[in-house]
Structures are given as structure tokens and as C-alpha cells.
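Student: Line by line, the protein sequences give chains A and B. Per numbering that gives the first Met the number 0, the first sequence starts with residue 0, numbered consecutively. Per numbering that gives the first Met the number 0, the second sequence starts with residue 0, numbered consecutively.
Simulated pairs of lysine-lysine, DSS-like, Cα-Cα distance not exceeding 27 Å:
{"no.": "1", "chain 1": "A", "residue 1": "K249", "chain 2": "B", "residue 2": "K272"}
{"no.": "2", "chain 1": "A", "residue 1": "K249", "chain 2": "B", "residue 2": "K264"}
{"no.": "3", "chain 1": "B", "residue 1": "K159", "chain 2": "B", "residue 2": "K84"}
Residues of chain A clear of chain B, computed beta-carbon distances all greater than 12 Å:
{"no.": "4", "residue": "A77"}
{"no.": "5", "residue": "V85"}
{"no.": "6", "residue": "R104"}
{"no.": "7", "residue": "L110"}
{"no.": "8", "residue": "G173"}
{"no.": "9", "residue": "F189"}
{"no.": "10", "residue": "W193"}
{"no.": "11", "residue": "A201"}
{"no.": "12", "residue": "L210"}
{"no.": "13", "residue": "I211"}
Since the hints were made in silico from the structure, they are not lab data. Quick caveat, the model's predicted, so the values are computed rather than measured. All C-beta atoms, glycine included, are put in the ideal place defined by N, C-alpha and C.
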Amino acid sequence: MMRAANWRNPLLCFAACLLVLTALEVPAAAGAPVKRPAEAYVDPSAQYPVDVYDPWEGFNRGVYRLNYYLDYYLLLPAVDVYEFVVPTFARRGIHNFLRNLNEPRNFVNSLLQGRAEGCVNAVMRFTLNTSLGIGGLLDPATPAGYRRRDEDFGQTLGVWGMGPGPYLVLPMLGPSSLRDGSGLAADMAFYNWWTDMIIESASGSGKKRDLIRYGLFVQDAVDTRSALDFRYFETGSPFEYELVRFLYSKWREFEIRY
Amino acid sequence: MHKSILLMLVLLVPGTVPASGAAYDYPFVNAYEATVLGTPSIYMPPLPEEIPREDDMITIFPERRIPDLFWYSEGLRFSLVAQEKPAPLIFVVAGTGGDYRSGKVKLLQKAFYQAGFHVLSLSSPTHPNFIIHASATSIPGHVVEDSRDIYRVMQLAYGKVQERIVVTQFHITGYSLGAVHAAFVAQMDAREKVFGIQKVLMVNPPVNLYNSVDILDRMLTDNPASDSPEEARRFVDYFMTLFAETYERTQALTFEGDFLYEMYKTRPPEEEKLGVLIGVSFRFASRDLIFTADVMTKAGYVVPADRELSSVDSLTPYFKVLGQTGFTDYYSELFLPFFQDRYPGLTDPALREQMSLRGIEGFLRRNHNVGLLHNADDVIMAPGEIDYLKEVFGDRARIYPTGGHCGNMAHHEVLASIVGFFTDRGGRWEEIQ
Chain A
0 MMRAANWRNP LLCFAACLLV LTALEVPAAA GAPVKRPAEA YVDPSAQYPV
50 DVYDPWEGFN RGVYRLNYYL DYYLLLPAVD VYEFVVPTFA RRGIHNFLRN
100 LNEPRNFVNS LLQGRAEGCV NAVMRFTLNT SLGIGGLLDP ATPAGYRRRD
150 EDFGQTLGVW GMGPGPYLVL PMLGPSSLRD GSGLAADMAF YNWWTDMIIE
200 SASGSGKKRD LIRYGLFVQD AVDTRSALDF RYFETGSPFE YELVRFLYSK
250 WREFEIRY
Chain B
0 MHKSILLMLV LLVPGTVPAS GAAYDYPFVN AYEATVLGTP SIYMPPLPEE
50 IPREDDMITI FPERRIPDLF WYSEGLRFSL VAQEKPAPLI FVVAGTGGDY
100 RSGKVKLLQK AFYQAGFHVL SLSSPTHPNF IIHASATSIP GHVVEDSRDI
150 YRVMQLAYGK VQERIVVTQF HITGYSLGAV HAAFVAQMDA REKVFGIQKV
200 LMVNPPVNLY NSVDILDRML TDNPASDSPE EARRFVDYFM TLFAETYERT
250 QALTFEGDFL YEMYKTRPPE EEKLGVLIGV SFRFASRDLI FTADVMTKAG
300 YVVPADRELS SVDSLTPYFK VLGQTGFTDY YSELFLPFFQ DRYPGLTDPA
350 LREQMSLRGI EGFLRRNHNV GLLHNADDVI MAPGEIDYLK EVFGDRARIY
400 PTGGHCGNMA HHEVLASIVG FFTDRGGRWE EIQ
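Assemble the whole structure, with the sequences as input and the hints as a guide.
Tutor: Rendered as C-alpha cells:
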């Protein structure tokens, strides 16, 4: 028994290593000859539009697939229930409320990016929507000319000149990068910090605070998913991963530049 | 006297005059603009926002082993829009690379549903989902074989939804390549009489598939944007900048509806750039098609035949190789050898001829329930092909002066013609108001 386990384990390790290696190697390097080999058609030194720095591609593709399952078995059913149970106007209100809680983040990041109009915009939105908009349930700021403008810490780092780093697919959250993922962690810490202050001053109890915190988190996840039209593998393209990766990085470039 | 002269004139120039009296105010006179920008919403008729659309799935070949790479593709997908009461059913076949819920299919679903039809929509045989599950050869592009596959799918799909609807009669339509399929399917059905298809409407079909894909390939390859990765990046940047300018101007950001039109109003892109855009989008379709066909048949075209790809393998190198592979390359390097292998003695010209409407010209001429809707400036047509169609279809052709390739399908006048063709008893346009 012992012996069997002993030689089996290294074999398993070896198999695992092989698996990782095959995930990372250039496909055209292996296997039977093909009519149109990559060596003949791809210039390895050139930067193609589809190229995004993606050293963890095998892992990322794994998470991309995992996200499909999370989406299909968890998020989308939750969204379906939510949309069925909660009437549209209430969902609208919840959406506005949750977005309004992001205005402090937008303010801080506009400040860090040195964008004065962004700061003014965030302050005006937060005050108008919190007061006239009944705690953020309504959005009178938009018709008043203060449109929603999301600024996050990933963008701030980008504005400071930091590149995106390796592409990263986050579980549940989807396409990101090392920079944007770190930025997201910072934004979340900030969000927790200031909302905790408010919740604690209002309720005082730590247990209640955690409940509200989780409640907000789940609500945010469902609300965000509900607002997104995207469905995994709906493009039907075998290259969906490449397309999403390309669009994400272009989109972020755009957000940082403008 | 006057009336008869007028009538003579109308008869002399069959099809060139759109519906009498109605204004055809489609805005883009440039065919490339029309093809890319489509129809701005102010020119569209009112359509229902929500329709009872149900997605469904069938298995065509139960024995077929689906490669792991396509683990997410579980069966052939299609959709049904059902009326509550007995009604005629229209089959809709999507165009090249399009699936059963692409924008143009959804447009037709809404228009037909509004007019009281059931609608059963199918993906194009060139779409990966169809290649994986419903193509007998998994080497798409052969219009006869592909139409045979569609006909099989129609029977299975209808069989699956049969109990949910009461169908009074069957029609079929398609746009672009889907229009060619619709005609071939109708011709098969005229022989085999499974459905007894009554009316067939072809919207912007190519005449000769090879000619049209060659034109589409060239839109990309005749342009510097395809010369090097640097040029391609420059091309992407051009549209990024235009996108940003539009955002600055409108302060709104959405890919839906009129954003493209807003981009156009910001700064009309040069015709050459629009041509490349059409070429690029066609290449996206051909890339998916060729890759899927290669993996399904283990043809060893870009993926080694003995390589079993998994969901964590990078496909980016194949993406790049196929970025430099046109549909015509696929034709000569994979498609033609495959069919020559199957049908010894088959020549290249003979195969090209099979992929053409000329192969069923007699059927199209004879059958008075086959209608044609086209645009004189369609960018995928070779010289003389529009005239050929006019001659074959006679008064069953309605040719709009502008609209590019399918760009005007959502225009109120055009959509009214499409729907009118099916609602009208005779299936002829002169009887429609």
C-alpha cells in the first residue's frame, strides 16, 4: 500500500507538471505538421492587436471557465429570482442606492488623478442623490447634468503611468489585470472603511455590521450582474477568451486616457 | 392613356422602382456607410420591445463526439417566437457567421411576430454552433450540402416545438448567405414536400458565393491595414480615437442602437476604412468557421491533427494564423481538397458553380412564390450579378437604389416590404399597398 502510494505520488506530480506545461507551451511547436503553421504565419517579435500580456493564460482560462459555472449555477439564477420578485422600480432604486455608495470612491480617485471636474461631479452627485434622491434611491443628479463617472484605483494607477501588468481573470468578477485587481482591493478596503464608520455609528454592533456588510455585498453582486448583458460563450466564437481580453484591455486604456 | 403609359414604364423597369408612392428615405447613399452603419433608429418602424422568444436546443447526430474544446456547446440552438393562435410559420436563416439571435434575426422576429407569424430562427451553417452540431461534414460553405443540413435541422426543430404551436402554412426567408440557403431549402422542399413551403423571400443574397467571399477577403487584403501587425494596430487606434471623440461629444457610451451613427456624425470615417471594417468583421466570421471546421474534422490545417486542445490551451497563435487566412484560402486549401476527395473528378470550376444561385436558376425562374429583395449598391456583388437577378426574378424582384449589404433591412419601407411579401395573399409586391 505504502509503496504504491510512494511511486504514485511523484507520478501524479509529474502529470500535474506536464499538464501545466502543456497549458503554457506554444501549440504549433507540438504535434503533427499542419498546412498553415504558426512559425510561417506569425512574427514572434511583432505586437499584434490581439496581443495582451498574459503570462498566466492557462490559469486565466481555467478561471474563465469556472466563472461560466458560477454564472450559470449561482449568479444568473439569483438574478432571475431577483428580477422576478423585485419590481422594476424597486430594482432601479436599489441600483441607484448602490451606485451612490461608489461616489466617495469616485471622489477620492478623481482627487488622486488630479481631475477637479471629476471631484466636483462626485461631490455634487453624492449630495444631490443622498438628499433630494432620498438616500440615493433616486438619481436627480443625472438630469441636473452630473452624469455617473466611475473612477477606480486601477485607473488612478494607470493615470500615474503604471502599466496594466499581467492580464488576470478574477473568479466571479471576470477580466482584470494585476494592476486593476490590486486597485479593486484598495477600493474595496476604502469602501469598507467608510461604510463601516457609518454603519457602526448608526447601529453600534459589530455583528449587525457584518450582516449589513454581507447583505450589501450580495446585493451588489446581484445588482451588477443584473445590469450586465454579457453571457459566457454567447458569442459562439472559439476565440471568445481572446476577444474579451482584447476588449477589456482596450476599454481600460480608453478609461484611463479619457 | 396616361395611366397605361405609366404602367408600361413600371413594367419596363421591373423591380427598380420601390413601392409606389412611399418615400424611400434611407439616409446613406454610400454603400460602405450603409453596410456598416445600418439603419438609424429614427428611420425604423415601431416594433415591439418584448416578444415571447424561447431558446431551445436539439441534438442532430447523437453519436457525434464533441471535442473537449467545445465543452460549452451542448447542442444545436435555435429559437421560437410563438403566436397563441394558429398562424403561418416563417423559418429565418441567419447570414454568414450569424446565429439565431443575431441583430438582424431579432429584427425579423419582431417584425414577423408583430404581423402575426410564428418565427423559427436558425443559425447560419457557417456559425460554429451549427458546424459543431448540425453540419454533416463539418466543412461548411457548400450551399447544397449546408442547405441539406438546414432542412434536416428544420424538421427536428419543428418536431420539437410542434406541440406548442398550430401552424397553418410554412414560409422561409434569410438574408445574405441565409437567403441562398432559404432558396436551396425551398427547392428541396418542393421535391420532398416535408413542409410544403409556400413563400420564399431572399434578402440580399450573393449570386456566386465564391465571388462574394473573394470581394470580402479583398476588402481586407487590398488594404495596408493587413500588411503588418503595426498597420493593424494603427487601424484599431484610428477607431479608438473616433470612439473617444464621439464620447467627448455625446457624453454617452453604449454599443447599442445609434452609437455608430453618432460616431459617424462626429466624423464620417473614410470609405476605405469602412471597407476594412467590413473585411475585418468578415474575417472574424471566417476565422471562427475555419478553426471550428479544422478542429471538428482534424484536418491539420492550423491545428495539428493529433492535438486534442483543452479549455486551458492558448488559441491565440491560431487566432493570428487565421487572421492571415482568407475564406478563399480555406476554399482552395481545405474545402476543395475535401470535396475532391469525396467526389473524385470534381473540378474547381464545377465546385464554384455548385455554390451559386445559377444552379437553381430554373427553380427561381419558374417558382412565382420566390421573391427577391436587394440593393443596387450591395458591396458583396460582382459586376452584373444584380442585373442577372433582375432578369431571373422579373417582377418578383424589388431592388432599392441604396442600402449596401443588408444595411437598410431595418428601414421602415424595407421592413414593410419584407413583411408585406408574407402577409399579402399572392406573394407579389404589386398587390401590396
